[in-house]
Amino acid sequence: MAHSLDEIDIKILKHLQKDGRSQRNKLAEIVHLSVPSVSERMRKLEEKDLIKGYYAVLDSKRFNFDITAFVFVEVDGSDNYKKFVDNIKNEPEVLECHSITGDGSHVLKIRTENTESLEKLLSRIQSFDGVHKTRSNVVLSSFKETQELPIEKTIDPK
Numbered sequence: 002m003a004h005s006l007d008e009i010d011i012k013i014l015k016h017l018q019k020d021g022r023s024q025r026n027k028l029a030e031i032v033h034l035s036v037p038s039v040s041e042r043m044r045k046l047e048e049k050d051l052i053k054g055y056y057a058v059l060d061s062k063r064f065n066f067d068i069t070a071f072v073f074v075e076v077d078g079s080d081n082y083k084k085f086v087d088n089i090k091n092e093p094e095v096l097e098c099h100s101i102t103g104d105g106s107h108v109l110k111i112r113t114e115n116t117e118s119l120e121k122l123l124s125r126i127q128s129f130d131g132v133h134k135t136r137s138n139v140v141l142s143s144f145k146e147t148q149e150l151p152i153e154k155t156i157d158p159k
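Residues in the sequence shown are numbered from 2 upward in steps of one, following this note's numbering.
Derived by calculation from the structure, the hints in this document are not laboratory data. C-beta atoms are modelled at their ideal positions from N, C-alpha and C, and glycine is treated no differently. Take these hints with a grain of salt, some might be off.
[Unchecked claim] Computed Cβ-Cβ distance ranges for the label pairs, DEER-style:
| no. | residue 1 | residue 2 | range |
| --- | --- | --- | --- |
| 1 | Ile31 | Lys83 | 42 to 50 Å |
| 2 | Ser124 | Lys27 | 46 to 54 Å |
| 3 | Asp60 | Gln18 | 13 to 21 Å |
| 4 | Lys15 | Ser35 | 39 to 47 Å |
| 5 | Lys84 | Lys15 | 37 to 45 Å |
| 6 | Ser35 | Asp130 | 54 to 62 Å |
| 7 | Lys90 | Asn26 | 37 to 45 Å |
| 8 | Asn138 | Asp60 | 33 to 41 Å |
| 9 | Thr135 | Asn65 | 22 to 30 Å |
Build the full structure now, drawing on both the sequences and the hints.
Structure representation (structure tokens):
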């Protein structure tokens, strides 16, 4: 691993993954350090870009985003990749875009209101230069969605 983390850093990061709103005094209690020490560790973790941000996790259904879909996109020629990615970055309903191996060149995670809005989004995506084909899979049920990484595996055994 490029960054050396000790057990205290791991504890701080694991707790922040579960509760990004944790106050530093609570974190200090958990790791048995002073608040200034915890603040300094967090500042260093942020500087190293190990903490990329703090976000609220919203309930998509409560905001009427009832459809989750994974869309596999086949983009012809690497000349079109950058333009495709730039276009995708401007689509707010596309939550994730990954370059992949296997079937297609990219996979997108989409959250949208309904099948009509999904159809309109797919039509826009299919009109992008170089998009040869799309294949959509609509999610029926979700059983696990997390951003938590099993970072305890990164501690070097002593």
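Outcome of the hint check:
Restraint check, Ile31 to Lys83: a C-beta distance of roughly 44 Å satisfies the suggested window 42 to 50 Å. Between Ser124 and Lys27 the beta carbons are some 48 Å apart, a value that agrees with the proposed interval 46 to 54 Å. Take Asp60 and Gln18: their Cβ atoms lie about 19 Å apart, and the range 13 to 21 Å holds. Remark: the range hint 39 to 47 Å for Lys15 to Ser35 is contradicted by a beta-carbon distance near 20 Å.
At roughly 39 Å, the beta carbons of Lys84 and Lys15 sit within the given window of 37 to 45 Å. For Ser35 paired with Asp130, a C-beta distance near 56 Å keeps the hint of 54 to 62 Å intact. Taking the beta carbon of each, Lys90 and Asn26 are about 38 Å apart, inside 37 to 45 Å as hinted. Evaluation of the 33 to 41 Å hint for Asn138 and Asp60 yields a failure: the beta carbon distance comes to about 22 Å.
The given range of 22 to 30 Å is respected by Thr135 and Asn65, whose C-beta atoms sit roughly 24 Å from each other.
Violated hints for the displayed structure, listed by number in ascending order: 4, 8.
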